[in-house]
Amino acid sequence: MTARPDPAASAATDTAAADTGRRVVRTMRRALRWSLPEILFWLVAFASIFLLPGQHLILTEIAILAVFALSIDLILGYAGIVSLGHAAMYGAGAYAAGLYAIHVTGEPLTGLVVGAAAGAVIAFATSFLLLRGGDLTRLMVTLGVAAVLFEIANKAYRITGGADGLQGIWMDPILGRFDFDLAGHTGYVYCLIVLFLLFLLARLVVNSPFGISLKAIRENPLRASAVGIPVNPRLVAIYTLAGAYAGVAGALFTHTQQFISLDALAFQKSADGLLVLIIGGTGYLYGGMIGALAYKVIQDVIANITPQYWLFWIGLLMVVFVLWGRDKPQRIFATLAARLRHRREGRE
Amino acid sequence: MVTLIFDGLAYGMLLFVLSCGLAVTLGLMNFINLAHGAFAMAGGYATVILTNQMGMPFLWTLPLAFIVAAVAGFVLERTLYVRMYARSDLDQVLFTIGLVFMAVSGMDWLMGSQQQILHLPSFLLGRVEVLGVNIGIYRAFLIAVCGVLAVVLQLLITRTRFGSRLRAAVDDQRVAHGVGIPVKTVFAVTFAVGSGLAGLGGALGAEILGLTPNFPLEFLIYFLIVVSAGGTSSMLGPLYASILLGLADVLGKYYIPTLGSFMIYAVLVIVLVVRPQGLFARAA
Amino acid sequence: MTVVLETRNLCRNFNALKATQDVSFQLHEGARHALIGPNGAGKTTFINLLTGVLAPTSGEVLLMGQPITRLSRHGRVRRGLARTFQINQLFPELSVVESLGLVISERRGNGADWWRYAGRLPGLGEEVAQIACDFGLDEVLDQRVADLPYGKQRLLEIALAIALKPRVLLLDEPAAGVPEADRHEVLARLAVLPGDVSILLIEHDMSLVFTFASRISVLVEGALYAEGTAEEIAADERVKAVYLGEGDDE
Chain L
1 MTARPDPAAS AATDTAAADT GRRVVRTMRR ALRWSLPEIL FWLVAFASIF
51 LLPGQHLILT EIAILAVFAL SIDLILGYAG IVSLGHAAMY GAGAYAAGLY
101 AIHVTGEPLT GLVVGAAAGA VIAFATSFLL LRGGDLTRLM VTLGVAAVLF
151 EIANKAYRIT GGADGLQGIW MDPILGRFDF DLAGHTGYVY CLIVLFLLFL
201 LARLVVNSPF GISLKAIREN PLRASAVGIP VNPRLVAIYT LAGAYAGVAG
251 ALFTHTQQFI SLDALAFQKS ADGLLVLIIG GTGYLYGGMI GALAYKVIQD
301 VIANITPQYW LFWIGLLMVV FVLWGRDKPQ RIFATLAARL RHRREGRE
Chain W
1 MVTLIFDGLA YGMLLFVLSC GLAVTLGLMN FINLAHGAFA MAGGYATVIL
51 TNQMGMPFLW TLPLAFIVAA VAGFVLERTL YVRMYARSDL DQVLFTIGLV
101 FMAVSGMDWL MGSQQQILHL PSFLLGRVEV LGVNIGIYRA FLIAVCGVLA
151 VVLQLLITRT RFGSRLRAAV DDQRVAHGVG IPVKTVFAVT FAVGSGLAGL
201 GGALGAEILG LTPNFPLEFL IYFLIVVSAG GTSSMLGPLY ASILLGLADV
251 LGKYYIPTLG SFMIYAVLVI VLVVRPQGLF ARAA
Chain G
1 MTVVLETRNL CRNFNALKAT QDVSFQLHEG ARHALIGPNG AGKTTFINLL
51 TGVLAPTSGE VLLMGQPITR LSRHGRVRRG LARTFQINQL FPELSVVESL
101 GLVISERRGN GADWWRYAGR LPGLGEEVAQ IACDFGLDEV LDQRVADLPY
151 GKQRLLEIAL AIALKPRVLL LDEPAAGVPE ADRHEVLARL AVLPGDVSIL
201 LIEHDMSLVF TFASRISVLV EGALYAEGTA EEIAADERVK AVYLGEGDDE
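Residue numbers (my numbering), protein chains in the order written: chain L, 1 to 348; chain W, 1 to 284; chain G, 1 to 250.
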C-alpha cells in the first residue's frame, strides 16, 4: 500500500533536502576541525620542551602514563569494556622491548614496534575470552590475564630477572643521533612525539565509521547488531589496537628507565591507569593526558607528605571522587565550553 | 594423594565461606564489591589481635571476628554502599577499589606489613591417622566448621522467612518491594552477614592462607572465580566451585610445582569457554 | 509470487514453555502482512527467532530461499533483513546524524573504515539528510537521541531500519507508546514505504492493522492459529473469539 508521490511537493522537499544535506555535511565535518583549546594544548605541550627543561624527567613519566591511559580510553571510553588488567599489555610491551634491547639491538624505534606487537598479541589472544559473559566476567578475565603474566614473569626469572627486575638494558641513540641522556631531555622529546603521533591516530580512528560503530556498540549492543554491525570482530579489533598502544607505553618506559620490574604487570598499574583516565574523563581522548598530569601532581604532593601510606590517600581520592560524581569535572568543563561557544556564535 | 584431596577440600570449604557473601551481594544487589576481601582481612586481624595480644582462646575469637566484620559491613553499607547501588559497573569498581586501597594501606599502617603468625591452640595442631590416611587436625576442623556453616546457610535460605524474602528480592527486587518485603533491610542484613562470614573466613584462614595487609588484593581473583564459576543464584554453585578451585590449586601446586599456581587460571578459562554464565547457574 | 522470508516448523522452547510451536510461515515479495495475536502469544519471540536474537530449538528460517538459521544477527542484516523494536532500541549518547550516518555507512560497506573521518565519506551527508527529511527529523539532527521527545525517538527507531534499505522489514508494534497526536505521522511513514520492500507488521492496534495489511496471520500461544487475507480474518469468528476479553482498540 504505497502513496503516489506528488510532483510539486517532491520538488519542494528536494530543495529542503539539499539544504539539510549541506547542513548535515557541515555538522559531520565539525568533528574533524581542531578546536582552539586543542591547538593550545599541544602548543603548550611542545613548548614545555623548551620552557621547563628541569622538569623533563617527571614530564616523561606523565607522557608515558598518558599513552597508557589513552589506550584504556580506547576500550573503556569508546567501547565500554571495563578492564582491571590492562597492565598485562603494558608489561608485555615493556618486557618485550627490554629483552629485544638486550638480546637483539638497542635501537629504540624498532623496539617500539616490538613493544606494540607484544601488547597487540596479548590483547588479541585474550580478547575472545572477553566476548563471552558480562561485566563481571570481563573484570575477572582481565584481572586473571594480568595475574597470569605476572606469575610467568616472576617464575621465568632467568629470562626476566623475576622480582629483581630486568637489568642491563642499553639503548642506542634514536635515529643514530639523539642519545638518551641522564637529564631526560631526549627521553621526553621522544615520548612526547610518540604520544602525539599515537594521539593523531586515535583521533582518526575514533572519528572514523569504525570508531562511531564502537560507540554504538557501547551504547546498545543489541541494536548495533540489528543494524548490521559485526559486534565481536569490532571489539576484538579495538582491544587489539588498545593493546598495541599499551605495549608502546611499556616500551617507552623501558627505553627511558632502562630497567623494568614486576611492577609493570601489577594490579596497581592497572588500577593507576584506570584512575588516571577517570580523573581526566573518558571518551574524548584528552582525559588520559589531563588525568596523567593531575595524577602525577597529586601523587607527588601526597608522597611528600606520607611516603609510605600514599596508597591510602589515593584510595580515599577514588572513593570521594566517585561518590561526588566522576563526570562532574567533565560536565563543568562542557558547560563552560558550551557557554563560550554560544557567546562566539552569538557574535557571528 | 588422599591427604592432598583432604587438604584441597579444606581449602575449598574455606574459600566458600570467604566468598559466599560476595556471591549473595552480587546476586542480590547486582553490586560488584571488590572490597569484599577487606572484610575477610578485618576478621583475620581481629582474631590475631585477640589471640596473640589479648590471650583470648582461639575458638572464642571466631564469633567475635564474625561480629567485627559484620558490624563494619553494616556500617559501610548503610553509609556508603547504599549510594552506589544505582551507579554503573565502572563506578562500583572504582569505588570498591578505592576502599580496598584504603583498607590495605590502613592495615599496613596499623599492624605493619609483615605476615601475621597466629598461635593456634595446641589441640588443633598436628596430624592424625584416620583409616590409614594422614590428615591435619586443623584441616579437619576447617572442613567441619565450614561444612556446618554451609548447611546452616542453606537451611536459613530455604527454610526461614528471611530466607524466602531474600530469595524473592534476588529474583525480582521491584516485585519483592511491591509485595511488602523490606528490601532495604534485607540488603543491609545480607550485606552484614556476608561480610561477617568473610571475616569469619579470614579468621579461620589466617593460619593457612597467610595474613598480610595485601590479603584483599591477593585473594580477590579467587573470590571472583568462585562467584563467576558458581553463579549467584544458589548456595550450591559457589560451594562446588570453591571445592573445585581448592582441589585444583592444592593438587596443581603439588603435582606440577612450576605451573601449580596457574591451575586456578586454567579453571577460570575452562569455565568461561564451557559455560560463560557459570557452571551451576540456573538456565536463563 | 516469490517467498522472501520463510520459516519451516520453527520451534522454540524455554524449558517447559513452548513459546513457538511448529510455525511454518511465508512472507511474499512486496507483502503488507500483519501478525496479530493476544498478549503473550509469542509474536516478539517469533521476530527474535527470525532476526537471530534467539536460536530456535528446531526448525529452519530462510531468507530469499537461503537458510539463515545459523547466520549471525549482523549477517542477516547484510542479506537484507531489518527490524524495529517494540521498545525503542536507540543509541542514547549519539546524535541523530551519527545514528543515521552509522547505519548508512555500515550498509555501504564503509562501517569498518578506520582510516578516514566519517565526515569525509562522499554522499553520506546527503543520504542522511534525505532520510531525516522523510521522517521529519531534520529539525533535530544535531540533538542527542536521549534528549528527543518520544514521538521523534519512535520515528528514528523506524528510520534506522529503513536506512538499511532492507528487502524484508519486520516492524514490532511501531506505534507502541506513541501519543494519539503523533500517531498519524508514524502511520504516514509506514504508508509510503517502497513497494518492493516486504513488510511484516506486529500490531495490537486493529485499525492500523486493517488499514495497512493485505494479509494477516494470527498467532495464539506460539502456534499459527489462522491465516488469510484481511477480509477473511476480519470475518473469522474463531479469531474474534480468541480476542474476546482483549480490548482490540488501543
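Since the hints were made in silico from the structure, they are not lab data.
Think of the CB as a built atom: it goes at the ideal place given N, C-alpha and C, for glycine as much as any other residue.
There's no promise every hint is true.
Simulated restraints, written as ranges between beta carbons of each label pair [unchecked claim]:
| no. | chain 1 | residue 1 | chain 2 | residue 2 | range |
| --- | --- | --- | --- | --- | --- |
| 1 | L | E151 | W | A86 | 49 to 59 Å |
| 2 | G | V53 | L | P233 | 11 to 21 Å |
| 3 | G | T2 | W | R167 | 31 to 41 Å |
| 4 | G | E231 | W | A86 | 50 to 60 Å |
| 5 | G | Q143 | W | K184 | 49 to 59 Å |
| 6 | L | P233 | G | V3 | 26 to 36 Å |
| 7 | L | L323 | W | K184 | 13 to 23 Å |
| 8 | L | E151 | G | G109 | 15 to 25 Å |
| 9 | L | D300 | G | G136 | 47 to 57 Å |
| 10 | W | G126 | L | D300 | 29 to 39 Å |
| 11 | L | L175 | W | A86 | 47 to 57 Å |
| 12 | W | G112 | L | I159 | 43 to 53 Å |
| 13 | L | P233 | G | T2 | 28 to 38 Å |
| 14 | W | Y255 | G | R144 | 14 to 24 Å |
Coverage of chain L stretches by chain W, computed from C-beta distances (three or more under 8 Å per stretch; other residues unrestricted) [stated by the list, open to error]:
| no. | segment |
| --- | --- |
| 15 | 88–97 |
| 16 | 104–114 |
| 17 | 147–155 |
| 18 | 194–203 |
Going through the hints against the structure:
no.: 1; hint: L:E151 with W:A86: 49 to 59 Å; in the structure: violated, 37 Å
no.: 2; hint: G:V53 with L:P233: 11 to 21 Å; in the structure: holds, 19 Å
no.: 3; hint: G:T2 with W:R167: 31 to 41 Å; in the structure: violated, 53 Å
no.: 4; hint: G:E231 with W:A86: 50 to 60 Å; in the structure: holds, 52 Å
no.: 5; hint: G:Q143 with W:K184: 49 to 59 Å; in the structure: violated, 38 Å
no.: 6; hint: L:P233 with G:V3: 26 to 36 Å; in the structure: holds, 31 Å
no.: 7; hint: L:L323 with W:K184: 13 to 23 Å; in the structure: holds, 19 Å
no.: 8; hint: L:E151 with G:G109: 15 to 25 Å; in the structure: violated, 44 Å
no.: 9; hint: L:D300 with G:G136: 47 to 57 Å; in the structure: holds, 56 Å
no.: 10; hint: W:G126 with L:D300: 29 to 39 Å; in the structure: violated, 53 Å
no.: 11; hint: L:L175 with W:A86: 47 to 57 Å; in the structure: holds, 54 Å
no.: 12; hint: W:G112 with L:I159: 43 to 53 Å; in the structure: violated, 34 Å
no.: 13; hint: L:P233 with G:T2: 28 to 38 Å; in the structure: holds, 32 Å
no.: 14; hint: W:Y255 with G:R144: 14 to 24 Å; in the structure: violated, 58 Å
no.: 15; hint: 88–97; in the structure: violated (count 0)
no.: 16; hint: 104–114; in the structure: violated (count 0)
no.: 17; hint: 147–155; in the structure: holds (count 4)
no.: 18; hint: 194–203; in the structure: violated (count 0)
Hint compliance for this structure: hints 1, 3, 5, 8, 10, 12, 14, 15, 16, 18 are broken, all remaining hints hold.
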